[in-house]
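*Asks:* Each protein sequence line maps, in turn, to chains C and V. For what it's worth, the numbering used here labels the leading residue of the first sequence as 3, then goes sequentially. For what it's worth, the numbering used here labels the leading residue of the second sequence as 3, then goes sequentially.
None of these hints come from the bench; they were simulated from the model. Positions of the beta carbon are idealized from the N, C-alpha and C atoms, including for glycine. Check before you lean on any hint, since a few could be wrong.
Said to hold, decoys possible - Once the Cα atoms are required to be at most 27 Å apart in a straight line, the calculated DSSO-like pairs of lysine-lysine come out as:
#1 C:Lys231 - V:Lys231
#2 V:Lys15 - C:Lys251
#3 C:Lys250 - V:Lys231
As the list claims (entries may be wrong) - Sample of chain C residues with no beta-carbon within 12 Å of chain V, all distances over it, derived:
#4 Thr22
#5 Glu50
#6 Gly118
#7 Thr122
#8 Thr126
#9 Thr153
#10 Gln169
#11 Gln175
#12 Gly230
#13 Lys231
#14 Thr241
#15 Leu244
#16 His247
Here is how the chains run, residue by residue.
There are 2 protein chains.
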Amino acid sequence: MKRIESTKNPQVKQWKKLLTKKEREKTELFLVEGFHLVEEALKSNIVELLIVAETKTIPTSWKVDHIPVVIVTEAVIGELSDTETPQGIVAVCRHLQWNVADVQTALFIDAVQDPGNVGTIIRTADAAGIDAVVVGEGSVDIYNAKVIRATQGSLFHFPVIKGDIGQWIARFQNRHIPIYGTSLQHGVDYRSVAPSSSFALIVGNEGSGVSEQWIKQTTANLYVPIYGKAESLNVAIATGILLYHLQKK
Amino acid sequence: MKRIESTKNPQVKQWKKLLTKKEREKTELFLVEGFHLVEEALKSNIVELLIVAETKTIPTSWKVDHIPVVIVTEAVIGELSDTETPQGIVAVCRHLQWNVADVQTALFIDAVQDPGNVGTIIRTADAAGIDAVVVGEGSVDIYNAKVIRATQGSLFHFPVIKGDIGQWIARFQNRHIPIYGTSLQHGVDYRSVAPSSSFALIVGNEGSGVSEQWIKQTTANLYVPIYGKAESLNVAIATGILLYHLQKK
């Protein structure tokens, strides 16, 4: 088994570059950290390489005979981790591929930059039984370590794709599937729309909301009423309320 | 105007102790940081003292004639802040007092430790128009800086109290107001309960859920169905879905 001790090793430097969006897009690879998330990645058959701290062992229940393993020092793991207390295991993974041709229910995320919010929104859409999430331009990268952590594994078993929201709106319009924006200014109370088995919902940036260019193209724009003195709802909370109302199960 | 330059100043050390729960409980004081939150605290008349970095100025729109101001170095502000980029203003505030005798709708938070979750739950309960939030033993302190930030100001204008959940359950039972727990194991689909203008909802720790002792005393226990492969919903998301369903507005 290969062993690397130095954080200066060229291979380590190459892996470390995967902490940047640019390198992830160039190589179509990304890093997954921690036992629970690496296990989820293994189930999705996207793991190219396992990097394990010398103080840790791979659980015997994992089927990893076909996957190369590199043993490293804790210092090397520290270089590849974005957490303060790394768990000692990192996987180099291929980007996920999904067939989204027949999607009936979708969530479009427009320019949400907070990784915790995007990850929680993905986890919530998965729980709500939505078919796919499309993450548009201007949002945080879905392969960002904080996003992956906040999805709690949903990223590995649920279709999340990067896409052009304009193209996706056109696609849903062509298929006569309603598209709902979210807008406090030009919206209707979300409860005025009946649950359905096919729809798209667009949620946007907490500060500026969904882009005007998409708001103009929707079937209707919805808002969640604020009854108290809070100025707004967190975008992930609003998404949860809207998806659980809209989906017909 | 008083001026303090040294982080070793005894007064600074005293303020810094307010970053601990113990000192906050002893003195019934807490710190609020940043222009937006300090402005909200001023509106609630709980500010005892303003601590301002020498590089910053108090907005002219603030009515602070009656409040003592201390000018300090950025280093002193850094000592009192739990953020990486302090905004240069901190207020020493008195704990909030609320009259909760006539509460008709309430949310009880049982042992939720993540400050971001507790803050977001408080903000969501405020938005949903719930009358009060009771934070029980074993939850993070409501005057923790991260909780305050995540409430986005709701803590200052919305009744959030520390309390004994057992006593609150008894109080609601005596008033014949239904109490709903949340439980994946022993619950019913939340949509089987009709919206109402008086109820209490108990939400619990993401790992272990609501304590068994409370689950046994409820009118019913509810769950939010998981349709996809996600293992669970984030507790703040589940709270948002439940409160917006339960409250009758």
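*Asks:* Against the structure, test the hints numbered earlier, and report the numbers of the ones violated in rising order.
*Replies:* Structure breaks hints 1, 2, 6, 7, 8, 9, 12, 13, 14, 15, 16.
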